[in-house]
Amino acid sequence: MRRRVLPGFGLSLGYALAYLGLIVLLPLAALAWKASGIGPHGLVRLLSAPRTLAALRLSIGGAVVAALFNVAIGLLVGWVLVRYRFPGRRLLDALVDLPFALPTAVAGIALSTLYSPNGWVGAFLEPFGIKVAYTRLGVFVAMVFVGFPFVVRTLQPVLASLEREVEEAAESLGARRWQTFFRVILPMLAPTLLTGFALAMARAVGEYGSVIFIAGNIPMHSEIAPLLIVQKLEEFDYAGAAALGAAMLLLSFVLLILVALLQRWSNRWAEVSQ
Amino acid sequence: MSARPRQRKPGLPRRLVHVVLILFALVFLLLFLVLPLATVFVEAFRQGVLPYLSAIREPEALAAIRLTLLVAVIAVPLNVVFGLAAAWAMTRFEFRGKALLGALIDLPFSVSPVISGLVYVLLFGAQGWFGPWLDAHGVKIIFAVPGLVLATVFITLPFVARELIPLMQAQGSEEEEAARVLGAGGWQMFFRVTLPNIRWALLYGVLLCNARAMGEFGAVSVVSGHIRGLTTTMPLEVEMRYNEYDYVGAFAVASLLALLALVTLGVKTLLEWRYRGELAAHAPGGH
Amino acid sequence: MRKFVPALLAVVGLMLSCMAAAKDITLLNASYDPTRELYREINSAFAQQWKSAHGDNVTVQMSHGGSGKQARSVVDGLPADVVTLALGYDIDAIADHNLLAKNWQQRLPDNATPYTSTIVFLVRKGNPKGIKDWGDLIRPGVQVVTPNPKSSGGARWNFLAAWGYALKQPGGSEDKAKAFVRELYKHVPVLDTGARGATNTFVQRGMGDVLIAWENEALLAQRVLGKDRFEIVTPSITILAEPPVAVVDANADKHGTRAVAEAYLQFLYSPQGQEIAAKNYYRPRSAEVASRYASQFPATHTFTVHDLFGEWRQAQAKFFSDGAIFDQLGPGS
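First to last, the protein sequences are chains A, B and C. Here our numbering = 1-based position in the first sequence + 765. Here our numbering = 1-based position in the second sequence + 72. Here our numbering = 1-based position in the third sequence + 822.
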């Protein structure tokens, strides 16, 4: 054991674990306990019901698509913010965190105001037959909004530390700009992009407050899984709600574990390569 | 890193690429971030300044502001202490299950807000695990301030730790080890070496944690009970007024929250600008 | 010490004056969404009346939300002394958890519903789509806004009103009613979670051609949001919506507020309470008050839940519980 010269291992880890236990694990245990009330048959029935499947498909599918979009646009925005100098850059940089800080309900109301057929953007899109609010596209917009900062903020420090020398070496060896990007830069960014993707997706899968205002909430079509949970609660079906919630949670957790392992792996790889 | 990397003067096509990329980024940020923010303020001031001012001076609004501040004042310090402890353990020591711990810390990011409210109802509600006992002893958690605080703590738990872990990882522990070797006590080392090194990241984490704590809607909505003037925080007040067709009032309260978001981001940017060198030196992956 | 004595005296004086003065009583009323304006007025009128009769100050705190959510909150421990919800089933659910007597509906006159409402249509100015009756809602090109009956009490009344209309048509049957509501929900572009959300979608976002709404909501929306923008259409036949009220026995007894809580609900039946209800667009039970507000409430044929569906519990089980008729209507089925 190296680094044992430093004090406080027991205290800090013990405190962190106790706190996590009380604030996160105990409540989640209650969730699991309640969910178990539904029984294996109930669980299978719940998870195989067409409406549940449709809602999960929308929540997960929407989150995946939104996270992919966020990775692309996050890479672009991160790149622009780190590499280019232009007036207002700092302002834009600050704005990236807005979805972290803006309450989801406010975001939902603002987005639906903006993208409904009589809103600023919605009215502009209407003549082209593009409907955003109250469609699946609306769900997508809200999910992009909540997940966006995760990608940029994971990406930025790594982009900043990318060694220009490598790019320049590639270029001096005759690589074209786009070749450098796809062959050199992108592979170096891949683990970070994946982390950003997973975080943005995990956030979007569970999102409720902002989506609810802009989605049409039509069963089988534009109804997200968290809404289904709320409706189960309305029917006093706590077990069903808890089971659905636990299923979604498990999914996110597996995703986060994968990310954490990936990060460790890429950290080690970085250490070795240094 | 050298201040100016050697670079050929960008040629015309490359400059064109720059401009196009910047424009793309601008359009996206405009559509997804700037316009929603602008909407809030435009709607809030739709009828002018006076209705706006009177809307945020109503007793319900003031009560909501007070409650929101109270919840944040309790929740944020709790998560700061946790964030410090978790970051210290995660970055200064090797132990089994570290990846698991990291994932657990991130977990509240991805728990649907509906669920994060529900779990506390399952624990402390009248039908929950501890409900009957609490009821018998006259302790109120759900539909009272403690419930709001718990839900908020849950939602904002990762923010401080998330800010600190990559930074402390990158900083390494040489300075702290040196302090120890020179005979500093544990707390002395913490306050003289560790804290000064992480103060900006810590402050940034606190700001984001605070912004999120004040803005949380879904989870708080489940445990609040919506008793006007007693258990309604600002985001709930926004929804309530929106549902009363008081759009100016709703957006006025929302604008306060948006303003908070802006101030948060402003302070953060200022910090970054003012202490640029220091932060850059400590940026994750920096060298 | 010199500072301490006057401070002590002040505290004692304050305590004495408090003891001599009126008692402060607080009630919590857990209600559904569209009753905000109604109870704001009721609460101050009741406080005045109680003060002059008993000398005590009553403050009624309000909690508003979807009817089902409110019932759930009370079950989970929201310390409401009285509940004033959108439909009987939600109070039944509270009774199922032994927080109030199962026979709550017999404890107050008129099935414990001091005021009623109906379900009407709100259309845009000039009624551009020519909506006159339920049948017009399923014409091609008509978009209907109504909330989700799974989460909104008001939406359940909407659903049952549509069902009842179809059932009561010549040659009407269960199958035809089902076909009608299935078609109707195909015309719904947005299913909001609550009645107020649906109104906002229709009014603020400009979605849809018709909003199916409580009559009191439609009248209020028209007043608040502009008579020049919306018209109300009363269909040929509709449901008599009966939003019930009850004292939550367990909570009122615990807080020692039963007497006030009961008086509060009784106040709703008093001439003054009925007047306030009518002013806030609820149809009063009192014939005398109703006659003065006749112009506001056009006569229409109505049926009750009891007429067509029996108990609310049965209606709930048949139409709205998991896998019941509403779930079978989904666009995918």
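In case anyone wonders, no lab produced these hints; they're calculated from the structure. Any given hint could be a false lead.
What the hints assert, rightly or not - Below 30 angstroms or equal to it, Euclidean Cα-Cα: the simulated DSBU-like pairs (lysine-lysine) are: (1) K1000/C - K954/C; (2) K845/C - K212/B; (3) K896/A - K1101/C; (4) K212/B - K1000/C; (5) K947/C - K896/A; (6) K212/B - K951/C; (7) K896/A - K954/C; (8) K1008/C - K990/C; (9) K924/C - K896/A; (10) K896/A - K1049/C.
Claimed, not checked - Chain C is faced by these chain A residues, among others (derived, beta-carbon under 7 angstroms): (11) S881; (12) N883; (13) Y899; (14) G981; (15) N982; (16) E999; (17) E1000; (18) A1004.
Stated by the list, open to error - Beta-carbon label-pair distances, calculated as ranges: (19) L812/A - A1109/C: 24 to 34 angstroms; (20) W259/B - L890/A: 41 to 51 angstroms; (21) E1005/C - R810/A: 22 to 32 angstroms; (22) E891/A - K1140/C: 48 to 58 angstroms; (23) E933/A - R271/B: 29 to 39 angstroms.
Each residue gets a CB set at the ideal place from its N, CA and C atoms; glycine is no exception.
Restraint check for K896/A with K1101/C, where alpha carbons must lie at most 30 angstroms apart: violated (40 angstroms)
Beta-carbon spacing of W259/B to L890/A - inside the hinted bounds 41 to 51 angstroms or not: violated (59 angstroms)
Agreement of K845/C and K212/B with the hint, judged by alpha carbon distance not exceeding 30 angstroms: holds (23 angstroms)
Chain C contact restraint on E1000/A - CB to CB distance below 7 angstroms: Since the shortest Cβ distance to chain C is 6 angstroms, the answer is holds.
Agreement of hint G981/A with chain C interface, Cβ distance less than 7 angstroms: holds (5 angstroms)
Cut-off 7 angstroms, beta-carbon criterion: hint that E999/A touches chain C: holds (4 angstroms)
CB-CB spacing for R271/B and E933/A relative to the 29 to 39 angstroms hint: holds (36 angstroms)
Cut-off 7 angstroms, beta-carbon criterion: hint that S881/A touches chain C: Check passed: Cβ of S881/A comes within 4 angstroms of chain C, closer than 7 angstroms.
Pair hint K212/B and K951/C, alpha-carbon separation not exceeding 30 angstroms: violated (53 angstroms)
Range hint compliance [Cβ, L812/A to A1109/C, 24 to 34 angstroms]: This hint is violated: roughly 54 angstroms between Cβ atoms.
Hinted contact N982/A with chain C - closest CB pair below 7 angstroms: Since the shortest Cβ distance to chain C is 5 angstroms, the answer is holds.
Hinted contact Y899/A with chain C - closest CB pair below 7 angstroms: holds (5 angstroms)
Comparing the model with each earlier hint shows violations of hints 3, 4, 6, 9, 18, 19, 20, 22; every other hint is respected.
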